[in-house]
Amino acid sequence: MADERTYPLTSDDGKPIYGLPHDDKELNRLDLQHEAVKIVFGDLNICKDQVDNVLDPLDGQRRVLDLGSGTGVWCIEMAEMYPHANILGVDIKLQEQSNLPPNCVFEIWDVNSGLERFYGQFDVVHTRFTTGVFANPQTALIEMERCLKPGGLLIIISASFLLSEDRKTMYPVYTKANPQGSWFQRSVMKNFPGLKKLGVDPQLFEREIDKGLWKHELLDPLSCAAALITVPIGPWPTSPDTKEAAQLRKVGEYWRDNFLIVHHHWERLHEASGRSRSEWELTVRKVDEELHETRHRVAIHMRAVWGRARGFNPSPSTVQRPLPLESSPGIFQVLSIHHSEDEWVRMGEEYRATFTPEMYSFLNIPNFDALL
Numbered sequence: 001m002a003d004e005r006t007y008p009l010t011s012d013d014g015k016p017i018y019g020l021p022h023d024d025k026e027l028n029r030l031d032l033q034h035e036a037v038k039i040v041f042g043d044l045n046i047c048k049d050q051v052d053n054v055l056d057p058l059d060g061q062r063r064v065l066d067l068g069s070g071t072g073v074w075c076i077e078m079a080e081m082y083p084h085a086n087i088l089g090v091d092i093k094l095q096e097q098s099n100l101p102p103n104c105v106f107e108i109w110d111v112n113s114g115l116e117r118f119y120g121q122f123d124v125v126h127t128r129f130t131t132g133v134f135a136n137p138q139t140a141l142i143e144m145e146r147c148l149k150p151g152g153l154l155i156i157i158s159a160s161f162l163l164s165e166d167r168k169t170m171y172p173v174y175t176k177a178n179p180q181g182s183w184f185q186r187s188v189m190k191n192f193p194g195l196k197k198l199g200v201d202p203q204l205f206e207r208e209i210d211k212g213l214w215k216h217e218l219l220d221p222l223s224c225a226a227a228l229i230t231v232p233i234g235p236w237p238t239s240p241d242t243k244e245a246a247q248l249r250k251v252g253e254y255w256r257d258n259f260l261i262v263h264h265h266w267e268r269l270h271e272a273s274g275r276s277r278s279e280w281e282l283t284v285r286k287v288d289e290e291l292h293e294t295r296h297r298v299a300i301h302m303r304a305v306w307g308r309a310r311g312f313n314p315s316p317s318t319v320q321r322p323l324p325l326e327s328s329p330g331i332f333q334v335l336s337i338h339h340s341e342d343e344w345v346r347m348g349e350e351y352r353a354t355f356t357p358e359m360y361s362f363l364n365i366p367n368f369d370a371l372l
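Position one of the sequence shown corresponds to residue 1 (the UniProt record's numbering), numbered consecutively onward.
Since the hints were derived computationally from the structure, they do not count as laboratory data. Accuracy of the hints is not assured; some may be wrong.
Here are the simulated DSS-like cross-link-like pairs (lysine-lysine), alpha carbons at most 27 Å apart as the crow flies [stated by the list, open to error]:
| id | residue 1 | residue 2 |
| --- | --- | --- |
| 1 | 149 | 48 |
| 2 | 286 | 197 |
| 3 | 93 | 197 |
| 4 | 48 | 243 |
Computed from a predicted structure; not experimentally measured.
Work the whole structure out from these sequences, hints included.
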């Protein structure tokens, strides 16, 4: 299967270690994705008040670490927003940058080689959409926490599968036995055996997110919180509020455009999962068609978890402010904040209970339900 894309790291036999390409097409997509995330959060960060509090410049130098910095756009905008803080972005390959803010630098670093060199140095540690990166998620989370100063803030954002309109139920996946299911859901799930072949199992990372950060020994459980973010794909959601309806359409269009690009970048994962070239071409065509329709009213299942390292005194300014598109008056709820561990864990269990046997087969069996 010919693939002329550029991949950031390869093994001695030429196979990619990281499943997505690193070229202009992918970098442009990451910038589009960044703008889409900001619309949902209403800011660079989902927990802006926490970030503002921990980066308060009154009592010393502030430092921020971004793991898997991609194009560097989050780091650059953080450097502009917090000019008193030094921002460091690390990734396995860096994009050439010009005219960087003086307080923003980038380094090449593979997070799977450990983070000991960064221990105890940062007020904020941030990582976004890196579930397909960490070979050992449980160890990686502890490593991230060790990079924090006392009172430092850890923020993790992940994305996984397609949900139905109810924000709770997995959307049906296309199979030969269920042709009414989603081709895009299939396109995501069928790649997981390929990711495992590359040494990464995103399901392990998602299981850690299921639990939240409340029981992590290095974090203060009173500072921990989590968010369920269900972002529509396409301009199908409605609202009796005209302004919110327009915002929902814009968000949906951004994320549809993002996925119209990214699913074309999964060819190596498709191949690593043992699937044929003819099935790849069929899948790409069907996903493109589906994303341009509104028949499948789906949303991407995203979650965020955050918490602060032990050793700080909470103040009123650390309380999370309301976020845009959080609830009323909209019909489609985009975002909800959760401070209860029990509630968060229960939501995760209910979500997992909606996975069908066919879905688990796609995730774990190479070339399951093969086509052509």
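Comparing the hints with the structure gives:
1. 149 with 48: 19 Å, holds
2. 286 with 197: 25 Å, holds
3. 93 with 197: Holds, at roughly 21 Å.
4. 48 with 243: 23 Å, holds
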